[in-house]
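Undergrad: Chain by chain, the residues:
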Amino acid sequence: MIEASLLQKHFGPIAALREVSLRALDGRITGLLGPNGAGKSTTLRILYTVLAPDKGDALIDGVSVVREPLQARRRIGVLPHGAGIYPHLTARENIVYFGKLHGLEREQCERRATELVALLEMQDFADRPAKGFSQGQRVKTALARALVHDPRNLLLDEPTNGLDVMAVRSFRRLLVRLRDEGRCVLFSSHVMQEVAALCDDIVVIANGQVVAHGTPNALRAQTRMDNLEDAFVRLIGSSEGLS
Amino acid sequence: MSSALGAMRSVFSKEFKENLRDRRTLLSALVIGPLLGPILFGTALSLSIKRGTTELDQPVALAVSHAERAPNLMTHLREHRVTIESVSYDDAAARAAVKEHRKSIVLLVPEDFGRRFGASEPASLQLYVDASDADSEKRATRVRAILNLYGTLVSRLRILARGVDPLILSPLVVKDTDVSTPAGRSVVALGALSYLVLLTMLMGGMYLAIDTTAGERERGSLESLLTVPMRREHLIYGKMLATCAYMCLSLTLTVCAYSVVLRSTGLERVGMSVNFGPGVAARIVLFCLPFVPLGAALMTIVAAFTRSYREAQTYLGLILLIPTLPLVFASVLGLRPTAVLMAIPSLSQHFLITSLLRDESLPASYVALSVGVTLAVGSVLVMIAGRLYHREALLG
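Residue numbers (the working numbering), protein chains in the order written: chain D, 1 to 243; chain W, 244 to 639.
If you're looking for bench data, these hints aren't it; they were derived computationally from the structure. It is possible that part of the hints are untrue.
Claimed, not checked - One side of the interface only, derived from the structure: several residues of chain D facing chain W at Cβ under 8 Å: (1) Thr49; (2) Leu51; (3) Arg73; (4) Val78; (5) Ile85; (6) Tyr86; (7) Leu89; (8) Phe98; (9) Leu101; (10) His102; (11) Ala142.
Stated by the list, open to error - Derived SDA-like pairs (lysine to any residue); straight-line CA-CA distance at most 25 Å: (12) Lys381/W - Ala339/W; (13) Lys55/D - Ala15/D; (14) Lys381/W - Thr318/W; (15) Lys55/D - His633/W; (16) Lys131/D - Arg266/W; (17) Lys260/W - Gly132/D.
Keep in mind it's a predicted model, so treat the numbers as computed, not measured. Cβ coordinates follow ideal geometry from the N, Cα and C atoms, glycine included.
Okay, chain D solo, but in the shape it has when bound (with noise of 0.2 Å):
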């Protein structure tokens, strides 16, 4: 479980994060919805912990990211945005690599990379060297490789930029199984039809602050709007920066 209670960020005199909370449960995917600069990219970064926030902290299961971290760390998945992997690594030495980093031993890696690429249906491209792969495929390597520890929250930004429609398609089936698993799947889009097609709880996001934050039948309720799209639009006061 994701809790982060009144973030705020500036970069020099901008305000990138006015004011952000927000939570993400167990078993639950949670889309982060927001027109480009709206903050997206930044809270996911403080909860990440490669940013930290000026005010305000976050807890995963409980740990904080900014008294603890590391520990932190060992909770979370996390695939940044164009999360690029290693050119001269085979995808499974990619895999194996985290592994490591996150102190496992090295039979357990292999083991688990090797459960990654059949789970991720990677075993065409595994043992290739990563330099000539398409987008789809550096994807699925990437989020192999933030699953290798078997962490119980996810952190996806901007996940299915870039990618193909049947490696979309692909890709939700797979968000839909680890959070049928139990966990904690927070993702960032600003895309309006994924975040409906795929979210059990939506934040959405403008300007740095939260401007509603429910399930899609309680945002449709909140505005009176019957159409999610049309009920996005009212909450952040424009269509711009969406799609």
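Here the structure of chain D is known, so what remains is to put chain W in place on it, guided by the hints.
TA: Okay, now just chain W, sitting in the frame of chain D:
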């Protein structure tokens, strides 16, 4: 603590392996850098030695206008391996011939040469030279020496004929005694060697220093790396260890290559000897090793501030010049090792290498100073590099 070591080892072995698979980088770090330098250096040196030694016993060609006016002089020139080519130029034609490079040098015997010579008056000779042409100037120097020798011989004969001891013409005899050892003389030729060794060593780790910092950020893998439960400085220490390993490889390879190449250049033929056996090579490597962490940390720090691979390459190109600055000062000012200078990294390595090549020994305290200060500066830089990885700006 064990997890810190584990993280460093994992990062190290991954970076080492990944770099090993990058053919282009590997080629430049371990083949072109370490081998090309010594081979070019050795070739240039042996060519210049060959030119310097062979030309003195080669006959020199000389175009002489009106050779018939000075037959004895011509005999003297021939005896001193001058090949005479008879031409008939006047002053203007001789000038033109040299200017247009049809003749390298021309000697013109004036019409009144015989008369003045016979009357024991100074008899002039005209030598046409193009001083801007190295070849012409070199031949002229030899011809001048032979002509002067003829002049000296003739003056002694004239003095003798007048019943005076010719020794009266030699009031002074200056004798040069060169105390430099053959090894010491070769250091003049090998002055650039310490610089090239340090440069090659830095270049061996340069790509890795860029790839593990700016490259990792540009590829977008840095953010994932920073989410593993390891302290950031341990990750960067692992990366720097890999950079150090490649620097050590480059260093060892290039020193071995210099050792082999220089021993086959034939420096002995010009009265120099190269003190560069396996023992000396091993000590050069040892003396340079303390500079490895310093260089790796310096390059990592600079690369960590840059925003892209290309930018990092540009700045590191400049950084490679930093260790060379003390060396330039040393050679321009003709510095000799002192305790203060031995506390300057890169300069102290230069002095240590030079003293080994010269076959001179420096006090043990100097060696300790060089190793100690270089390692101390290196560890400060390593710590700074570790701290840099806590900056949020690192994510770009």
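Undergrad: I'd like to know which numbered hints this structure contradicts. Please list them from smallest to largest.
TA: Going through the list in order, the structure violates no hint and respects every one.
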